[in-house]
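K.L.:
Now for the letters of each chain:
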Amino acid sequence: MKIGVKQKAENRRAILDAAVDLMIEKGYRSMTMRAVARKAGIGDATIYNYFPTKESLIHGYYSEALDTAERSMAKVEDYDQFDLRERLQLLMETILEGYLGDREFVDETFSSVFFRPIPVDKGMRAIRSRFLDIVKEQFEAAVESGELPDLMLKELVYHCIWDYFVAVTLYWLRDDSEQFTNTTVFIDKSLDLGYTMLKAGVLDKITSLASFMFKSHILSRVEMIMEERDTFNRLKDEFMSHDVTR
Amino acid sequence: MTSRDETPKGRLARGIAYGGTAARIGGNYLKYTARKPFIAAEDRDEARRSMSEKCAEDLFAGLCRLKGTALKIAQMLSLELDIFPPEIRRELEKSYTDVPPMNRSLARKVLSTAYGEQPEKVFASFDSTAFAAASLGQVHRAMSFDRKPLALKIQYPAIRRTIWDDIRLLRGLLKPFAGNKALEPAIHEIQNRLIEETDYLAEAANIRFFHDNLCLEDVRMPQVHEDLCTESVLCMSFLEGQALNHWLATGPSQEARDSVAQDLNNIFLHSFYELNCIHADPNPGNYLIGEDLTIGLVDFGCIKRFTPDFVRQYQRLPKIIMQGSKEKYFEALREMEMVNGDLDRKTEEAIHECAYTFGKWLGRMFEEEYFDFNAHPAYIKEGKEAIRSMFKYRKYFIMNPDILFLDRTRYGLMRIFEQLKCRISLHNQYEC
Numbered sequence: 001m002k003i004g005v006k007q008k009a010e011n012r013r014a015i016l017d018a019a020v021d022l023m024i025e026k027g028y029r030s031m032t033m034r035a036v037a038r039k040a041g042i043g044d045a046t047i048y049n050y051f052p053t054k055e056s057l058i059h060g061y062y063s064e065a066l067d068t069a070e071r072s073m074a075k076v077e078d079y080d081q082f083d084l085r086e087r088l089q090l091l092m093e094t095i096l097e098g099y100l101g102d103r104e105f106v107d108e109t110f111s112s113v114f115f116r117p118i119p120v121d122k123g124m125r126a127i128r129s130r131f132l133d134i135v136k137e138q139f140e141a142a143v144e145s146g147e148l149p150d151l152m153l154k155e156l157v158y159h160c161i162w163d164y165f166v167a168v169t170l171y172w173l174r175d176d177s178e179q180f181t182n183t184t185v186f187i188d189k190s191l192d193l194g195y196t197m198l199k200a201g202v203l204d205k206i207t208s209l210a211s212f213m214f215k216s217h218i219l220s221r222v223e224m225i226m227e228e229r230d231t232f233n234r235l236k237d238e239f240m241s242h243d244v245t246r
Numbered sequence: 001m002t003s004r005d006e007t008p009k010g011r012l013a014r015g016i017a018y019g020g021t022a023a024r025i026g027g028n029y030l031k032y033t034a035r036k037p038f039i040a041a042e043d044r045d046e047a048r049r050s051m052s053e054k055c056a057e058d059l060f061a062g063l064c065r066l067k068g069t070a071l072k073i074a075q076m077l078s079l080e081l082d083i084f085p086p087e088i089r090r091e092l093e094k095s096y097t098d099v100p101p102m103n104r105s106l107a108r109k110v111l112s113t114a115y116g117e118q119p120e121k122v123f124a125s126f127d128s129t130a131f132a133a134a135s136l137g138q139v140h141r142a143m144s145f146d147r148k149p150l151a152l153k154i155q156y157p158a159i160r161r162t163i164w165d166d167i168r169l170l171r172g173l174l175k176p177f178a179g180n181k182a183l184e185p186a187i188h189e190i191q192n193r194l195i196e197e198t199d200y201l202a203e204a205a206n207i208r209f210f211h212d213n214l215c216l217e218d219v220r221m222p223q224v225h226e227d228l229c230t231e232s233v234l235c236m237s238f239l240e241g242q243a244l245n246h247w248l249a250t251g252p253s254q255e256a257r258d259s260v261a262q263d264l265n266n267i268f269l270h271s272f273y274e275l276n277c278i279h280a281d282p283n284p285g286n287y288l289i290g291e292d293l294t295i296g297l298v299d300f301g302c303i304k305r306f307t308p309d310f311v312r313q314y315q316r317l318p319k320i321i322m323q324g325s326k327e328k329y330f331e332a333l334r335e336m337e338m339v340n341g342d343l344d345r346k347t348e349e350a351i352h353e354c355a356y357t358f359g360k361w362l363g364r365m366f367e368e369e370y371f372d373f374n375a376h377p378a379y380i381k382e383g384k385e386a387i388r389s390m391f392k393y394r395k396y397f398i399m400n401p402d403i404l405f406l407d408r409t410r411y412g413l414m415r416i417f418e419q420l421k422c423r424i425s426l427h428n429q430y431e432c
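The listed protein sequences derive, respectively, from chains A and B.
With the UniProt record's numbering as the guide, the letters of the first sequence map in order to residues 1 to 246.
With the UniProt record's numbering as the guide, the letters of the second sequence map in order to residues 1 to 432.
Here chain B stands alone, though its shape is the one from the complex:
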């Protein structure tokens, strides 16, 4: 028996689900605020943490009830937002691969609507219980008539309409959290991505592109069965392997972790510099680690293409930052249309100061042949500090969406390296 499916789908029902979550979070916050003056200073941290944990559980419960869009948002937020306290991130990270599924009848219905036939007529066998959650849908196993194992990604019905509702409601839900204003651009970007991701035919084309062009050893990619793809069903060959976070939980050796990290880095560098197109969803659930440590890449709903010009300009950036030449730095930024044209001397000086700190931090990764994330557990955190100090000058920067995506992907990758506690050579032929 599967757990029952309780996703509310109407706008009103979803509103109630979100409303309930928001009310509960608000309630917790209120309790904390009311108690605050009476709590001794040393207990305050403890009280604050327990409040965050309670909020996180409520938020996660609320998001999980909505699945679809909310699941996707949870995934994106859990990677991106250090604005959230660690307790909240931990809860959010659960959403990578563990979510309650659509029930069996509904999954069948989506398939029979897509194919105009019962699944039994299309596949030799079809497992109506999902084995993984995907963005905006779930993945089922099937077997083709010529005995090939398949993975079917199935989309929640009427998802597009609910995305708009969900995003609007999410804004309300995030209000009790500090720094929610800074999330606005992220939410806007997420909304656009989500709408794009509902088109499974576009995703099929993406898979085909990477399958044909990203030819790396140790990397596996699914093969699309185009005759069985529709806007709401994606049919591809089945990839063996464990999701990265599950694999990590089995306690793999240092060598194994190093090898996986190196491959992940290669995938990124090769995609960006050779193909000018990256798999822009660095979610641990999207990497399937095989027993031979090869990496299976799944979920190509979110990819990002860059112009060759942009790639060329970006390529020079790490070196310029690390060299510390102010003129070259601002020249490069202006060329990439990343800063406002006229900055006074003082501001320029201050920005450069921050950039220099950031550059020094970046340079540490390349100082020696191998960088050991295990030996520098606070490394990512320090980098975040450097970025945060730059954040003060954000009004002088123009948010270039290309940079936004690139940074998100690279940052996501670094977070994965940190979790892998790997020892990795980051030197590469493209950057330095």
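Pulled out of the complex, with its shape left as it was, chain A reads as follows:
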């Protein structure tokens, strides 16, 4: 039986919804793929076409959340007038608003997904690169409009914002103020600071300082090692070419 793209997306959504509900009800351990499939109204085997493992369900949820946030930001009427700082703030707030309905689920899973020791797995890498793409787009628009000077180490900045996003979410999960006002204030205030630093090119200055340190300290050590290696190679060559007859 062939199904359309739309139906596929709907099934995906239904499975994720079911998984979130079940996990809130029973917890991750006692949730089974079969139970999720039943709840979503999907065949026991079909579910594996969408999500091969329980873990991939969780990853699926977080990347779906990013898609939803991006769609919802596209609906903002005057988004094209927003500056980078406002866009970043909107991104954070929109993602959190998406999490709001599933807060217990996010609370249970967020740390295990986003705080994994290396190596970062494939599912997680997909979420991160999805997020970095959105941020990259926002930055490129800002550079193009002349709002921000072109940065030397863009990738590093994007990763900082990823870390910032993880921090904001953790803050939000611990926030007990009414309607999470503290998180809103926290985002507003911290972005003020971050954006000011970006505009002043602080990061570029730090990284050029860091690269200077790196060059002068690490690389000089490496050179020492290289010298040692040369000595070692010489010895090795001598040993290998040792003429027994001599």
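Because the hints were derived from the structure by calculation, they are not lab data.
Any given hint could be a false lead.
The following label-pair restraints were derived from C-beta to C-beta distances [claimed, not checked]:
hint, chain 1, residue 1, chain 2, residue 2, range
1, B, Glu-196, A, Arg-103, 29 to 37 angstroms
2, B, His-188, A, Glu-144, 49 to 57 angstroms
3, A, Glu-147, B, His-427, 56 to 64 angstroms
4, A, Arg-34, B, Glu-196, 55 to 63 angstroms
5, B, Glu-240, A, Glu-77, 19 to 27 angstroms
6, A, Arg-34, B, Arg-208, 54 to 62 angstroms
7, B, Tyr-115, A, Arg-103, 14 to 22 angstroms
8, A, Pro-149, B, Ser-125, 33 to 41 angstroms
9, A, Leu-100, B, Asn-192, 29 to 37 angstroms
10, B, Tyr-115, A, Gly-146, 52 to 60 angstroms
The calculated DSS-like cross-link candidates involving lysine-lysine, where the alpha carbons are at most 27 angstroms apart (straight line), are [what the hints assert, rightly or not]:
hint, chain 1, residue 1, chain 2, residue 2
11, A, Lys-75, B, Lys-121
12, A, Lys-75, A, Lys-6
13, A, Lys-26, A, Lys-54
14, B, Lys-421, B, Lys-392
15, B, Lys-360, B, Lys-384
16, A, Lys-75, B, Lys-148
17, B, Lys-381, B, Lys-326
18, A, Lys-122, A, Lys-75
19, B, Lys-121, A, Lys-6
Anything over 12 angstroms on all C-beta distances counts as not near chain A; from chain B, calculated [to be verified]:
hint, residue
20, Thr-162
21, Leu-216
22, Asp-218
23, Phe-238
24, Ala-249
25, His-270
26, Ile-320
27, Glu-327
28, Gly-359
29, His-376
30, Glu-382
31, Gly-383
All residues carry an ideal CB built from backbone N, CA and C; glycine is no exception.
Chain B: place on chain A using the hints.
P.N.:
Quick look at chain B alone, frame taken from chain A:
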């Protein structure tokens, strides 16, 4: 692109902002004091003025960085305090309507938190850039789905908590200014008002009250859309018009100014004597003058209700003061619980002397049918002198908070008349 929003919100950050301001003011003052002995007498005034100007700029910059509470305080102080030199007042007066806004994302966030939905779902359109600053928030334009223009007053998040911090810090900030002790009751009153003003649902009820009861020609009031009001968002119909101070800057004619002043006076008299309830925030930004010279009243966060008894007693006061009968005067004051019970003859005599001067001053406004503020530019100043001489006896007076508010409003109104340079008939059916 909007100017970036740099309001520090945490207590520590706000402390730093205030601290920075105070340190700068202190620095200027120190410089002035150090130079003082070496400045020739005729230059001293000049040096003093330039110091005040520098302080005022620093103070304003400090207050503007804090917005919210500080903005409100700036507005209140700029009206009320002649304790400040004119240079400082001028800077403070800037705060009426011109302040840096909350950024677009934050404004959206406040709305979506209040409604539980994106603004696009609630309004046909929503302008995320504010068009005016309001007390403790800002005002945005929106359009309802049935194409009615709306004004949305949006509150800064977590404002209530910051009010307490701000007031405490403000006390420190005001220390370098002369006469800061006299400000204490004012600051206390301001604090209570501010907390009240954060409740937008209460304000919605106030607007409804005035909308239904203050029926005057030439006066417009917004209509509240109750289904879209929450504690932090106030939704009302949009009122056309220019803020009074902006309108005045366009150089309106004498007739226009006279007409506006007369309407403002009518609004006050009618509210106080008929409704026993006044719009107690005579800030020029709260009056929107339309092209047809009608007045749009906005910002009902600060209103004051009086008991009918109080109104009746107050009503007699101007006449008694102007007639100059000592017995009647003290009788009235005691009835209103404004003076301590037992005063010795000498004190009573002295107070009455001052009151008589004040009464004479007050009477000048009513001597002729029309009073011309343009022809008497020093009039308000003279009145202030009269009040100041009464100030010496303040320990014998009981500060009645009702009087405090009433005086503030009337005084604010007089200041507006002075700025309007209007010719106005102050005779009225209620007082004389």
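K.L.:
Next, verify each hint and record whether it holds.
P.N.:
Status of each hint after checking the structure:
no., hint, in the structure
1, Glu-196(B) with Arg-103(A): 29 to 37 angstroms, "holds, 33 angstroms"
2, His-188(B) with Glu-144(A): 49 to 57 angstroms, "holds, 53 angstroms"
3, Glu-147(A) with His-427(B): 56 to 64 angstroms, "holds, 60 angstroms"
4, Arg-34(A) with Glu-196(B): 55 to 63 angstroms, "holds, 59 angstroms"
5, Glu-240(B) with Glu-77(A): 19 to 27 angstroms, "holds, 23 angstroms"
6, Arg-34(A) with Arg-208(B): 54 to 62 angstroms, "holds, 58 angstroms"
7, Tyr-115(B) with Arg-103(A): 14 to 22 angstroms, "holds, 19 angstroms"
8, Pro-149(A) with Ser-125(B): 33 to 41 angstroms, "holds, 34 angstroms"
9, Leu-100(A) with Asn-192(B): 29 to 37 angstroms, "holds, 35 angstroms"
10, Tyr-115(B) with Gly-146(A): 52 to 60 angstroms, "violated, 35 angstroms"
11, Lys-75(A) with Lys-121(B), "holds, 10 angstroms"
12, Lys-75(A) with Lys-6(A), "holds, 20 angstroms"
13, Lys-26(A) with Lys-54(A), "holds, 14 angstroms"
14, Lys-421(B) with Lys-392(B), "violated, 31 angstroms"
15, Lys-360(B) with Lys-384(B), "holds, 13 angstroms"
16, Lys-75(A) with Lys-148(B), "holds, 22 angstroms"
17, Lys-381(B) with Lys-326(B), "holds, 25 angstroms"
18, Lys-122(A) with Lys-75(A), "violated, 31 angstroms"
19, Lys-121(B) with Lys-6(A), "holds, 24 angstroms"
20, Thr-162, "violated, 9 angstroms"
21, Leu-216, "holds, 38 angstroms"
22, Asp-218, "holds, 36 angstroms"
23, Phe-238, "holds, 18 angstroms"
24, Ala-249, "holds, 28 angstroms"
25, His-270, "holds, 40 angstroms"
26, Ile-320, "holds, 52 angstroms"
27, Glu-327, "holds, 58 angstroms"
28, Gly-359, "holds, 52 angstroms"
29, His-376, "holds, 49 angstroms"
30, Glu-382, "holds, 48 angstroms"
31, Gly-383, "holds, 45 angstroms"
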